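Heads up: the protein sequence lines correspond to chains A and B, in order.
No gaps in the numbering here: position 224 of the first sequence is 224 in this note's numbering, and each next residue is one more.
No gaps in the numbering here: position 131 of the second sequence is 131 in this note's numbering, and each next residue is one more.
There may be inaccurate statements among the hints.
Unchecked claim - No more than 20 Å apart at the CA atoms, straight line, and that leaves these computed lysine to aspartate or glutamate pairs for EDC-like:
#  : chain 1 : residue 1 : chain 2 : residue 2
1  : A       : Lys517    : A       : Glu536
2  : A       : Lys267    : B       : Asp147
3  : A       : Lys517    : B       : Asp147
4  : A       : Lys267    : A       : Asp642
5  : B       : Lys86     : A       : Glu381
6  : B       : Lys86     : B       : Glu142
7  : B       : Lys77     : B       : Asp147
8  : B       : Lys86     : B       : Glu42
9  : B       : Lys86     : B       : Glu37
10 : A       : Lys267    : A       : Asp200
11 : B       : Lys77     : B       : Glu95
12 : A       : Lys517    : B       : Asp26
13 : A       : Lys267    : A       : Asp417
14 : A       : Lys517    : B       : Asp67
15 : A       : Lys414    : A       : Asp642
It is worth saying that the hints were derived from the structure and are not from the lab.
Everything numeric in this text was worked out from a predicted model, so none of it was measured.
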Amino acid sequence: MIAEAGAFALVLALALSVVQVGLSAAGRLRRSPALAGAGEGAALAAFGANAVAFMALMYAFVVSDFSVQNVAANSHSAKPLLYRVAGTWGSHEGSMLLWCLALTGFGAAVAGLGRDLPRGLRAVTVATQGALGVVFLAYTVFASNPLARLAEPPAEGRSLNPLLQDPALAVHPPFLYAGYVGLSVVFSLAVAALVEGRVDAAWSRWVRPWTLAAWSMLTVGIALGSFWAYYELGWGGWWFWDPVENASFMPWLIATALLHSAIVTEKRGALAGWTVFLALAGFSFSMLGAFLVRSGVLTSVHAFAVDPTRGVLLLIILGVTAGLGFSLFAWRAPGLPRGGLFAPISRESALVLNNILLAAATATVLLGTLYPLIREAMTGEAISVGPPYFNLTFAPLMTGLMILLPAGPLLAWKRGDARGVVQRLWAALLIAAAAGALTLALVSPRHLLGALGVAMGAWLIAGAVAEILERTRAFRAPAAESWRRFTGLPRGAWGMTLAHLGLGVFVLGAVFETTWKSEAAEALPLGGSVNAGGYEVRLDDVRPVAGPNYDADRGALTVTRAGREICRVAPERRLYTAGGQTTTEVGLCYQGLSHVYVVLGERRGDPASPTFLVRAYWNPWASLIFLGPALMATGGLVSLSDRRLRLGVGRRREPAT
Amino acid sequence: MTPWTSPRAALVAALAAALCLGAASDPAERLPDPAQEARAREIFREVRCLVCQNESIDDSDAELARDLRMIVREQVKAGRSEGEIKRFLTDRYGEFVLLAPSFSAGNLVLWIGPFLVVLAGAALLLKRLRARAPEPELDAEEAERLDRLMQGDDR
């Protein structure tokens with residue numbers, strides 16, 4: 001009964017979205033606040049109905065109602081509660097429902113929070129958001145119904161893929177989808193701006209908070225996925241340039257570019273067309289990501305819910321939606337204002353360079369992901385594009401970006417002073433050089449590229465600090481004056497500093513871990529030990545344990561350094577009984593920012609005196625890889641809380657139309 | 001096929017993922033000479049496990065990856081260069097086996113695409129910088145009026 005109510009609510013959400021489009025569009029055409037207001041009401045109601053459908057599916061998962069097809073295919077009654085809840089979005093159908101929930105949720109948020117947008121712009125935005133809702137809800141209702149019943153329900157479900165039964169991965173999709181779909185608001189705002197023919201400072205100020213929110217969510221989502229891969233897949237990798245990772249990385253790169261170009265459009269009225277273009281591109285890349293992951297066109301490690309037939313539908317949705325958006329852009333963009341002039345050395349130029357490099361980086365990821373498919377379709381020859389390609393293309397582009405980064409915020413608008421910037425950054429430069437030299441001298445084995453990477457991380461961190469010191473005139477003005485400036489800094493400035501600092505922290509961790517990780521593997525008898533990075537890992541015991549829905553071998557290992565016990569770890573090798581899959585649970589021992597990473601492998605030798613394959617990794621500074629993105633996302637949220645970015649501030653400056 | 005999301009594909013993907021455990025470090029496979037072993041590991045990272053998805057033979061525990069590792073280790077032991085070994089592999093399995101695509105005419109777009117974007121962007125930036133729109137200077141009276149307006153706006 002509850003599943004039927006949910007299915008009905010889903011259809012209702014679709015109908016309400018259609019109504020939302022109609023009323024909002026009519027409200028704009030007739031310039032009728034009443035009609036537009038009714039459209040906003042429909043947006044709120046559509047979200048409500050979608051939420052009911054979502055809760056109904058979640059309920060079916062929680063109570064293990066196997067008469068619902070999706071639950072029977074993706075859940076199991078012995079699964080812990082958290083993973084039964086997470087099972088709601090663990091399948092294709094469920095994740096599309098989550099997508100729709102986010103889409104209608106953001107539609108409702110625009111309707112509810114957008115009170116201070118000019119009426120026309122608001123009505124078109126709500127209508128566009130409704131149209132996106134119609135498309136994806138129609139897809140969900142007609143091609144991927146998550147609440148369909150089975151005529152003959154099985155006694156037991158088929159269970160969720162055990163690799164996905166993990167706390168980080170349980171919450172990874174909601175963050176990722178909030179980020180993906182958050183960009184839909186920016187898309188709708190861009191369409192509205194093109195329809196209304198106004199792209200100005202006020203419009204950019206409305207775009208920024210939505211982009212910031214989506215970007216922060218996306219950052220968290222990607223970092224969670226990466227962290228999961230790090231400790232769940234069992235060999236300590238955290239980024240594989242896997243097509244599915246790339247699918248989430250491209251919208252992130254575009255959103256990052258958009259955050260920066262929107263600043264230029266807001267402060268200087270320049271780059272209006274480009275900012276609108278990026279706003280359209282962001283959600284287009286989100287849809288491309290959904291298509292790539294959900295269609296099965298790239299079967300990869302991560303594509304757990306794959307269905308090629310639906311891929312065609314998703315491709316059509318992507319083509320039509322993005323196609324209409326960019327056609328509108330081609331038609332209306334030439335009329336947009338060009339904005340103020342700027343000198344080659346200026347904040348504007350720096351931000352344009354940032355955008356060029358981020359756009360090129362996106363192109364790299366896009367080419368690396370799609371080129372093998374295109375080439376195979378055209379010539380029949382299969383090629384592989386793996387990490388070596390990205391190391392040669394993506395890495396240099398990012399290096400260029402990071403060299404320039406600390407200078408950007410110190411440059412003045414319109415005409416910057418290159419010598420002044422160098423004067424302000426010499427200390428940061430010195431710190432970076434010292435960090436590189438120290439690394440070269442102290443860290444063994446000696447590695448020049450690694451030392452340069454450490455210098456780069458230090459450059460970014462010191463640069464971010466230098467910018468704050470500059471703003472507060474620390475060491476130059478009296479302490480009281482500096483303190484006053486320090487406490488008076490807008491949250492937006494802190495947000496930027498945190499995000500740039502986070503990038504530096506990430507670079508330090510990534511460079512250190514990649515360059516100086518060490519690995520050892522041995523088939524150990526009980527009492528035997530293996531040595532990685534100066535840490536001795538001794539296998540004390542292995543005993544069978546029974547989990548709620550798996551059987552496991554659990555090892556007891558002691559990590560020592562120079563004879564002193566550091567910690568004990570208990571890695572597991574699990575066999576999930578429902579599906580017959582084997583997974584590993586890594587034993588992680590935190591040593592400051594570094595990890596001793598222990599994996600228990602297969603049992604070998606004769607049963608009387610068995611040996612166990614034990615792999616131990618020393619991953620120096622690995623925590624920074626995940627701390628960096630956490631800082632970046634925090635920076636995004638701090639910026640979001642800035643008074644100037646709060647929705648509605650624009651109205652005081654811009655008369656409503 | 002049931003109307004359910006193809007469970008077999010999901011299972012294969014799951015197995016592929018579950019099995020990759022940094023397989024190449026297995027002591028049973030290792031070469032006795034550590035220098036040769038290190039060279040072999042370096043090559044493993046650039047060779048694709050053909051039956052897996054986007055995994056190198058360094059990571060994969062699939063049967064085929066094991067065979068490929070054996071081939072590479074034998075050739076390293078026989079003193080062949082990295083280029084020779086890679087050529088041997090591509091002759092046998094096609095370019096698909098290398099994770100880094102070759103610098104060939106067919107891959108031109110792939111390799112120069114990103115840098116074309118940089119060039120195009122730089123060209124547009126230069127064009128924008130050269131643009132000279134008439135920006136008339138304000139006379140004294142206008143400047144004063146602007147000042148008043150700005151102050152009023154700041155209130």
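The hints, checked one at a time:
no.	hint	verdict
1	A:Lys517 with A:Glu536	15 Å, holds
2	A:Lys267 with B:Asp147	19 Å, holds
3	A:Lys517 with B:Asp147	61 Å, violated
4	A:Lys267 with A:Asp642	16 Å, holds
5	B:Lys86 with A:Glu381	18 Å, holds
6	B:Lys86 with B:Glu142	73 Å, violated
7	B:Lys77 with B:Asp147	80 Å, violated
8	B:Lys86 with B:Glu42	12 Å, holds
9	B:Lys86 with B:Glu37	16 Å, holds
10	A:Lys267 with A:Asp200	9 Å, holds
11	B:Lys77 with B:Glu95	24 Å, violated
12	A:Lys517 with B:Asp26	17 Å, holds
13	A:Lys267 with A:Asp417	19 Å, holds
14	A:Lys517 with B:Asp67	26 Å, violated
15	A:Lys414 with A:Asp642	25 Å, violated
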